[in-house]
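> Below, each chain spelled out in residue letters.
There are 6 protein chains.
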Amino acid sequence: MSKAKVLIESLPYIKAFWGKTVVIKYGGAAMTEPQLKQDVMQDIVLMKYVGMKPVIVHGGGPEITKAMKQMNKEVKFVDGRRVTDAETMEITEMVLVGKLNQEIVALLNQHGGAAVGLSGKSGNLITARKLMNDGVDLGFVGEVTHICPDVITTLDRDQFIPVIAPIGRDDEGNTYNINADDVAAAMAVALNADKLVLLTDVPGILTDPKDPTTLLSTLRVREIEDMIGRGVIKGGMQPKVRACERALNGGVGKTHIIDGRISHALLLELFTDQGIGTEMVV
Amino acid sequence: MSKAKVLIESLPYIKAFWGKTVVIKYGGAAMTEPQLKQDVMQDIVLMKYVGMKPVIVHGGGPEITKAMKQMNKEVKFVDGRRVTDAETMEITEMVLVGKLNQEIVALLNQHGGAAVGLSGKSGNLITARKLMNDGVDLGFVGEVTHICPDVITTLDRDQFIPVIAPIGRDDEGNTYNINADDVAAAMAVALNADKLVLLTDVPGILTDPKDPTTLLSTLRVREIEDMIGRGVIKGGMQPKVRACERALNGGVGKTHIIDGRISHALLLELFTDQGIGTEMVV
Amino acid sequence: MSKAKVLIESLPYIKAFWGKTVVIKYGGAAMTEPQLKQDVMQDIVLMKYVGMKPVIVHGGGPEITKAMKQMNKEVKFVDGRRVTDAETMEITEMVLVGKLNQEIVALLNQHGGAAVGLSGKSGNLITARKLMNDGVDLGFVGEVTHICPDVITTLDRDQFIPVIAPIGRDDEGNTYNINADDVAAAMAVALNADKLVLLTDVPGILTDPKDPTTLLSTLRVREIEDMIGRGVIKGGMQPKVRACERALNGGVGKTHIIDGRISHALLLELFTDQGIGTEMVV
Amino acid sequence: MSKAKVLIESLPYIKAFWGKTVVIKYGGAAMTEPQLKQDVMQDIVLMKYVGMKPVIVHGGGPEITKAMKQMNKEVKFVDGRRVTDAETMEITEMVLVGKLNQEIVALLNQHGGAAVGLSGKSGNLITARKLMNDGVDLGFVGEVTHICPDVITTLDRDQFIPVIAPIGRDDEGNTYNINADDVAAAMAVALNADKLVLLTDVPGILTDPKDPTTLLSTLRVREIEDMIGRGVIKGGMQPKVRACERALNGGVGKTHIIDGRISHALLLELFTDQGIGTEMVV
Amino acid sequence: MSKAKVLIESLPYIKAFWGKTVVIKYGGAAMTEPQLKQDVMQDIVLMKYVGMKPVIVHGGGPEITKAMKQMNKEVKFVDGRRVTDAETMEITEMVLVGKLNQEIVALLNQHGGAAVGLSGKSGNLITARKLMNDGVDLGFVGEVTHICPDVITTLDRDQFIPVIAPIGRDDEGNTYNINADDVAAAMAVALNADKLVLLTDVPGILTDPKDPTTLLSTLRVREIEDMIGRGVIKGGMQPKVRACERALNGGVGKTHIIDGRISHALLLELFTDQGIGTEMVV
Amino acid sequence: MSKAKVLIESLPYIKAFWGKTVVIKYGGAAMTEPQLKQDVMQDIVLMKYVGMKPVIVHGGGPEITKAMKQMNKEVKFVDGRRVTDAETMEITEMVLVGKLNQEIVALLNQHGGAAVGLSGKSGNLITARKLMNDGVDLGFVGEVTHICPDVITTLDRDQFIPVIAPIGRDDEGNTYNINADDVAAAMAVALNADKLVLLTDVPGILTDPKDPTTLLSTLRVREIEDMIGRGVIKGGMQPKVRACERALNGGVGKTHIIDGRISHALLLELFTDQGIGTEMVV
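Residue numbers (this note's numbering), protein chains in the order written: chain A, 925 to 1206; chain B, 925 to 1206; chain C, 925 to 1206; chain D, 925 to 1206; chain E, 925 to 1206; chain F, 925 to 1206.
Bound-form chain A, shown alone (with noise of 0.2 angstroms):
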């Protein structure tokens, strides 16, 4: 009986999400604890039957590390991006595309999806170009210059669920590896989303990131300024609601940050009304 309150409770949410495009930044404990996996993957395919159209774009940090590691190459940051020569290129691709993307499709489909696997290069998604840090080259690091959604919109037609790595291609056939939030950002903008939620390891934005009570629920566009100002928003974060901030500015209607660690974050998310983690609005 409780079974059918939940339900019923849930209406609402559902038909407020009827048709509505999701792009869902994936990655984090979400990705590599085995049980947050498989309920990240229930959670979608659930988005999926209740009308929704979700996006999956996942990154892969760890595992390219391991990688390059059993490949005796050596790992090289600076200011947190990955120093990648071709051969770690090659490697990253290998990893996204040919690993950690064919496992999501495989879980999706497992729990009674159709998700299809797609590099930036599938149908030209993703162009690219090099990202200059400051001045440092960092190899083949890149950021989207164009996305090119046509394949999503066919593979949309018949409900399949796209699940795409943060690969791009530049006009003279390079490759390059992109920070994913920054593709998810991108893309939710390209499809004109609804919403772009980033899973991550914290529990959204907190004004003391030692106290869990100090969570922001709702963050406005206009506040960001001063709160990098004062210190709020830094480190790790900072690119995040920065990512949070274009997709806004280009039309997409929330953005929210929430804690993959916890159990089902998608669905709390989008169908309790206070929600999980850090919501921006414009």
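Hints may contain errors.
All copies of an identical chain are treated as equivalent in the list; a pair is satisfied when it fits inside any one copy or across any two copies.
Straight line, CA to CA, 30 angstroms or less: simulated DSSO-like cross-link-like pairs of lysine-lysine [stated by the list, open to error]:
{"no.": "1", "residue 1": "K1134", "residue 2": "K993"}
{"no.": "2", "residue 1": "K1054", "residue 2": "K939"}
{"no.": "3", "residue 1": "K927", "residue 2": "K1134"}
{"no.": "4", "residue 1": "K1054", "residue 2": "K1178"}
{"no.": "5", "residue 1": "K997", "residue 2": "K961"}
{"no.": "6", "residue 1": "K1000", "residue 2": "K1158"}
{"no.": "7", "residue 1": "K997", "residue 2": "K1054"}
{"no.": "8", "residue 1": "K929", "residue 2": "K944"}
{"no.": "9", "residue 1": "K961", "residue 2": "K939"}
{"no.": "10", "residue 1": "K1158", "residue 2": "K961"}
{"no.": "11", "residue 1": "K1178", "residue 2": "K961"}
{"no.": "12", "residue 1": "K939", "residue 2": "K927"}
{"no.": "13", "residue 1": "K997", "residue 2": "K929"}
{"no.": "14", "residue 1": "K1000", "residue 2": "K1178"}
{"no.": "15", "residue 1": "K1178", "residue 2": "K1158"}
{"no.": "16", "residue 1": "K1054", "residue 2": "K990"}
{"no.": "17", "residue 1": "K1158", "residue 2": "K1054"}
Hints are computed from structural coordinates only; laboratory data are not their basis.
Starting from the structure of chain A, add chains B, C, D, E and F where the hints point.
Then chains B, C, D, E and F, alone, in the frame of chain A:
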């Protein structure tokens, strides 16, 4: 969190019923008790949003009697069927089409559906003829001779929920009141439905009607004759079982006789393994 | 041979109206006289078969009064509008939706149409609010606030003829009886109709109401105020002219106030050069 | 008023023929008398507007002879078939396709149709071969070997009226003049038409050719042999009856041999119960 | 192997023109020399198969003159335009529509196309009016007033190649012979074509008509007046350049005046970088 | 000019293959030699632009071995099949999906195609099971049990070129490496392809493997057993011939074993009468 759990537990059922047509005979307490009414409407709207195609056929006996009394019209029954002269038929049609059907449509729409009310006259949906009851002429009491489901198909294309009053018409222009269980069964066959659900005021088929623990959870078509012979299926249950039998013989996947007095009976039937009430299969 | 001649003479009219939407307010004698009823239904089915898209909105005043008397319910009018308490509204809805609408649907289908009856509740077709009549509260007498024509569009795709009862609903769930001329005008605007035809019990607008030879064959919107000021348009004709005015201002091509007491008035209006009644244009 | 009456009387016929394909062999007086020409064109445009799908196949004998004489070309017939050398074929094609077909197209369009002229070469509509007439080689006189109706189907989708000149082509690139009755019959079969109507210069099949009161109103396929044996069907009527027979055997619903000298003969045939001329059925 | 090389070299051109509409004015030697005829037809069918949408407009001057002489009809020209009385118009139409158009259609189909012949009367494709030539009445010589491209659009949907005879009609039912270059230009504008190609009997625009090495490979619209002033563009070339100018001003991408006496001139123009003849751009 | 000639000579082939599905097994030298790679990609993009539907299935043996060595993983073969433990499977998937597939997609897109990379996991394209090799367990070496071609059909609708890595999955979630020839054959059957082309490193089937002049240009299915019996078909050619046999028995029109070491081998096969390599037919 338990909410997410319930939703995820529902996923296999949602997948199983996605795109399936479910004809629901709506009547009894579920149609008179204010809270139960709300519950059923929520259930139906939820069914629609998670991808099913619910089609509602409703009865209305008590309201017809009430209206007849209000109009000082004598009420007469023979073998549980209302003797229906021309004036009674007019009152019946007004109550079924102009009151009850409207009320159901309004309630569904209030809960976020897009329901459309139909009598069997609209789009020539139900063709009927006079029902001869062992040679007794009951007047304008009819039985279905043909269902023309075009209007249902048309409305389905744009996600409308059809709500059908059990009124039919013959080629001479006579209007007939038809048993709603029979209309629901005929509709389920014509629509090639996956399920027919009869909402009743009993727990299902009980081998001992006084003992609810004797509920038959499953019944096979081939067992019906014996059950009737042994008096297990009798009285008002008999025509309901016969309606289910016709539906199953006509190609409907499963039929269910469930207890509409239970809150959210539809969801319980659809979203739990054990279900409620008595399921009939070929 | 003269038959062929008539058909050929009709060709220019058929061509002119092919694919055009014509909203018809059906009421008065054409709705009560048995022969006139048959005639109108034939006209409408013919319109459909020669390529027009007729949409019927019907009234029903006299039948409501009759039913109220039958139920010993007092009938009260203020300024020509029925005072409508909850019980009256219930009777009104039953008569309009459950009797008159059904009768029209059945007649159209008997003549070969495929009509579908709709109240303003179906598909949220008509949203209404309480009509305030110079501060006098008449109860559940409403006015149109919004038309959602989706259900009409859906039915049109498969050649169904919609027949609409002038019942609306507000967001609180209250049901309102609305003037059928006003519903027809609002419907014509929402459907971007080419024509609005009001079937009445007068020859059209007469400058001298006692002299039928003083019929105005054409009236322009800008002449209305003057005509009202001079008392030419008065009484029951005034709201009809206002309804036409609203339709014309809302983009409807032409409106016609014609004499429904004339046999096949619709065809005469549509298929002869002089037409009948009074035509209004911008 | 009588106009409305006629229109209403036509309604059953309009309903019966709605959406039906009617192939019309156009020739004889109806193609040469100026007033009859106008009448036929009006009939065809009317047929189109009331929902039928008329397809016109025309002949042109007299005009070809006239043009040949103008060009000082000798005209020779064997058994009623024109001996057709290469030059004659060229003249024939110019007259049929470049003059008569164009004229029919222009007249239909003038009356509000949207006709498109086609020879059997367009879209490979008619493949033909040399007709061997008891061993006599008549030159480029052909018979239909295959109809490729794609271009008709394409044009039908946008409501164009096809007008077909009876010219065919073989795989070697030879052009043939084909009997228009035969083309019409083959076209009716290929289009799965409901009716084939041959406009002729006789009242139909008369048992006594001198007595118009001996008109056979209906003929069955199985009666043909006997009728020919008895000399009732003879001369030019025989190939027409054979064409009808082939059409009926090929699945066409009915065929009609009617008197094109009667004004609006098509409408009389289609819109009156008795029809005119001789109807053939299986 | 060199074959593969050529095909691969063509790929960039095939890609560039995929889905593009190319209107071709067909005339001159390419229409009279047997081998050139075959070549052009092959070119057009190839264009169709590699994804372009060729639309053919043909002339026919010499054949008309020939036919007129055959019929002992005097041929008279004023300023290069044929004086066209009613009889001449009839001959013109027969030759253009009934002979030349048919021949082109047959040749294209022989090479594997699915061509459909059209005069400007079919589907009301070309509406025209009398062309006044400095006050001189040349009879039925016309100019385009309106193109209704619906029939082209319809045929295009099923991959037919339209072949158009330059015949137009006015509202009074008069038929006009129109300059084929002008029809091609108007057609290109109405179809929003990417290219207009005029097949002529000269190499293009030569600054010294006697020296083929003085061929202008490109001409801009703004240079035309000056070129005419300086006498570089004169005689028969002038109206061709004006037709191109109108097409370019009407939104056509590029126009080409090429030498139809060169075998496969169309392919050379489309599939080589340098092209042939003179290209005009805005 | 010779260019035009070649194009025109290709026209019959283009016509013959228009709209046809051609499955290409891509492997061997054509996949490793830089120039040959470019050539094949151009061939495929050209095929797409002239109306064919190429579907690519690629192998990747040498690259897998190379990657395994790089990771210090021992490489072991039994009867020509790689022993594939879990770690080997992971490397295999990374190389096939994350490197080779990506490279092919990128090259095709660079040449103007719109390729989309797919493993057999995407859209549940390839279901597989463990291949038992005469009782020897080779680990995750699989064979196709089912192809679900929906994702290919979806992508085809918008002109994408699918590029498939021969990876399959069973219901327990195990991943298998499958022989690419076998996947190509199964894919050709599931897509109802007209052609299956295997790019190999031999000229085709030679009756004397040392003498290229003994190439069999055509082989019939019924001759296979005899050829194997006589030792003409042996070694690595045997499974290829068996794959072709299965394809032909499954309804594929023709299969081709051609020499991928020849530049533009695909075009030579498709666009010349003699073709290259060995063609197999039923």
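> Hint by hint, say whether it matches the structure.
Outcome of the hint check:
1. In this assembly of identical chains, the alpha carbons of K1134 and K993 never lie at most 30 angstroms apart, being 33 angstroms within a copy and 47 angstroms across copies at closest.
2. In this assembly of identical chains, K1054 and K939 lie within 30 angstroms of each other by CA distance solely across copies; the values are 28 angstroms between and 42 angstroms within a copy.
3. Taking the shortest Cα distances, K927 and K1134 sit within 30 angstroms of each other only across copies (28 angstroms), while inside one copy they are farther apart (36 angstroms).
4. For the homomeric pair K1054 and K1178, the shortest alpha-carbon distance inside one copy (29 angstroms) is at most 30 angstroms, but the shortest distance between copies (37 angstroms) is not.
5. Proximity of K997 to K961 under the C-alpha cut-off of 30 angstroms is found in both arrangements, the shortest distances being 28 angstroms within a copy and 29 angstroms between copies.
6. In the homo-oligomer, the alpha carbons of K1000 and K1158 lie at most 30 angstroms apart inside one protomer (22 angstroms), although the nearest pairing across protomers, at 51 angstroms, exceeds that limit.
7. In this assembly of identical chains, the alpha carbons of K997 and K1054 lie at most 30 angstroms apart only when taken from the same copy (22 angstroms versus 34 angstroms across copies).
8. For a Cα distance limit of 30 angstroms, the shortest separation of K929 from K944 qualifies both inside one copy, at 24 angstroms, and across copies, at 23 angstroms.
9. Taking the shortest Cα distances, K961 and K939 sit within 30 angstroms of each other both inside one copy (26 angstroms) and across copies (20 angstroms).
10. Only within a single protomer do K1158 and K961 lie at most 30 angstroms apart by alpha-carbon distance; the minimum there is 28 angstroms, versus 48 angstroms between protomers.
11. Taking the shortest Cα distances, K1178 and K961 sit within 30 angstroms of each other inside one copy (24 angstroms), while across copies they are farther apart (36 angstroms).
12. With identical chains, the CA atoms of K939 and K927 are at most 30 angstroms apart both within one copy (18 angstroms) and between copies (17 angstroms).
13. Within a single copy, K997 and K929 get their C-alpha atoms no closer than 55 angstroms, and across copies no closer than 43 angstroms, so neither meets the 30 angstroms cut-off.
14. In this assembly of identical chains, K1000 and K1178 lie within 30 angstroms of each other by CA distance neither inside one copy nor across copies; the values are 35 angstroms within and 53 angstroms between.
15. For the homomeric pair K1178 and K1158, the shortest alpha-carbon distance inside one copy (21 angstroms) is at most 30 angstroms, but the shortest distance between copies (56 angstroms) is not.
16. In the homo-oligomer, the alpha carbons of K1054 and K990 lie at most 30 angstroms apart both inside one protomer (24 angstroms) and across protomers (29 angstroms), since each shortest distance falls under that limit.
17. For the identical chains of this complex, K1158 and K1054 are intra-copy neighbours only, at 24 angstroms inside a copy versus 51 angstroms across copies, given an alpha-carbon limit of 30 angstroms.
The structure shown violates the earlier hints numbered 1, 13 and 14.
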